[in-house]
Amino acid sequence: MIHAGNVNAPDEELAMHYAREFYGRRGESHRLWIVARDAISELDDPDLLKPPFDRSHKKPGGYIIKHKLEAAKARAASEAGE
Amino acid sequence: MPVASVLQYPWFAMDDADTIQPLNGRPPYAPGDADAFYAHVGSGGKVEADDWMPDDYRAAVLKFVEMHANSELMGVLPERDWIMRAPTLRRKLALTSKIQDEVGHAQLLYRVAEDLGKPRSAMLQDLLDGKTKFHNVFHYPTRSWADVGIIAWLVDAAAIVSQQALRDSSYAPYARTMKKICWEESVHIMHGRDVVLTLMNGTPTQRAMVQEALDRWWGPLMQMHGPPTDPARDKDLHWRIKAKNNEQLRQEFLSIYVPRILELGLRIPDPELRHDETSGRWQYTEPDWAELKAVVTGHGPASEARLGFRRVNFAETQWVRDALLGGATAAA
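Chains as they are written, first to last, in the numbering used here: chain V, 1 to 82; chain F, 1001 to 1332.
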């Protein structure tokens, strides 16, 4: 699901027709969800969304294993050669 | 299984088009026509929660998803034991995050299961009463910090092999849910591999600790995908609730992870394990299917302790549910 865009319409029924014409007329959409602007709750507090602490442990890129893996493989290879 | 390919983007940026169908003409079978329904799923068609579906199919999806949800919920208990014992602050944070992710997966999956008609409270009660199952690997105790690494790396790897295949499930809400779950599991695998690598680059004692953990976990890991089933009789496969059979998943796991285990200088405790070039398949000692059966029916070494903890916890948190659900009732 992605945000397709906005429409300006006087009522729900027209909003649906506008949405279909704007965002579905080329068959590019499988479904459209049309929600009135005042029904949307917004969260934009950077303290909550981008907290100032390191969150890299929550992402796959937060684990840099390249050098550790090389070291482990080199040790395993040298032990196998002994 | 290209884990790397799913790591590049947040899960929500992935294309949903393959699991969302056009509304016009959907579903392409008449409500009540079970033959047409099974022809639809048999040819790769998807089913949405509000589509008509035969009771057999609904029951099979529910059982499958409920077991998956139970496993996510029970799977955090062995890891929870290690939060306070994790060696550094960063490891504590990573482990806590993993646990938060897994409980989140349980929430997502119970929601999918609820839509199929079984209330969440009934699913939790059945779990506590030992009437429903959870994965074999969560019935075993953890003995050292190396277990945390082996679980996060290899248990999650074995799980993601099957979960990636579930993104092709015929039950579309389940398939979609699996995208977020797979993305997060990829993080857990990196965390686990990092823990194992750090230990392997440490002292001989630390390396021995990893080897000892691998020796204990290898049996349950080989059992985890279940015994080979007769594809003709496997309903879940036939109806494409799952997309690959047990043995395919195990072979896939072995193909990716045996080399990654061996390259670190670890030994795999199975003298029969080898890749047969002629058949292109991994040969291995037959896993102990009797143990698997006993363990998942609640007779594992830690089954009773884990369920006991969950029961105590469930009772202690009753006030939270009362406060939240009671409020909703009063407002309604």
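Quick caveat, the hints were computed from the structure, so don't treat them as lab data.
Do not take every clue at face value.
Stated by the list, open to error - Below, computed lysine-lysine pairings styled on DSSO-like, alpha-carbon distance capped at 30 Å:
id, chain 1, residue 1, chain 2, residue 2
1, F, K1180, V, K59
2, F, K1180, V, K66
3, F, K1092, F, K1235
4, F, K1131, V, K73
5, F, K1180, V, K58
6, V, K50, F, K1180
7, F, K1131, F, K1118
8, F, K1131, F, K1092
Now for the hints, and whether the structure bears them out:
For the proposed pair K1180 (chain F) and K59 (chain V), the alpha carbon gap of about 13 Å is at most 30 Å, so the pair holds. At most 30 Å may separate the alpha-carbon atoms for a hinted pair to count; K1180 (chain F) and K66 (chain V) meet this at roughly 26 Å. Distance restraint check for K1092 (chain F) and K1235 (chain F): the Cα-Cα separation of roughly 42 Å exceeds the 30 Å cut-off, and the hinted pair is therefore not satisfied. Among the hinted pairs, K1131 (chain F) with K73 (chain V) is inconsistent with the structure: their alpha-carbon atoms are about 46 Å apart, more than 30 Å.
A C-alpha spacing of about 13 Å is found between K1180 (chain F) and K58 (chain V), which places the hinted pair at or below 30 Å, so the restraint holds. With a CA separation close to 20 Å, the supplied pair K50 (chain V) and K1180 (chain F) stays within the 30 Å bound. Restraint check: the Cα-Cα separation between K1131 (chain F) and K1118 (chain F) comes to about 14 Å, which is no more than 30 Å; the hinted pair holds. Between K1131 (chain F) and K1092 (chain F), the direct Cα distance comes to roughly 33 Å. Violation of the 30 Å bound is thereby established for this hinted pair.
Hint compliance for this structure: hints 3, 4, 8 are broken, all remaining hints hold.
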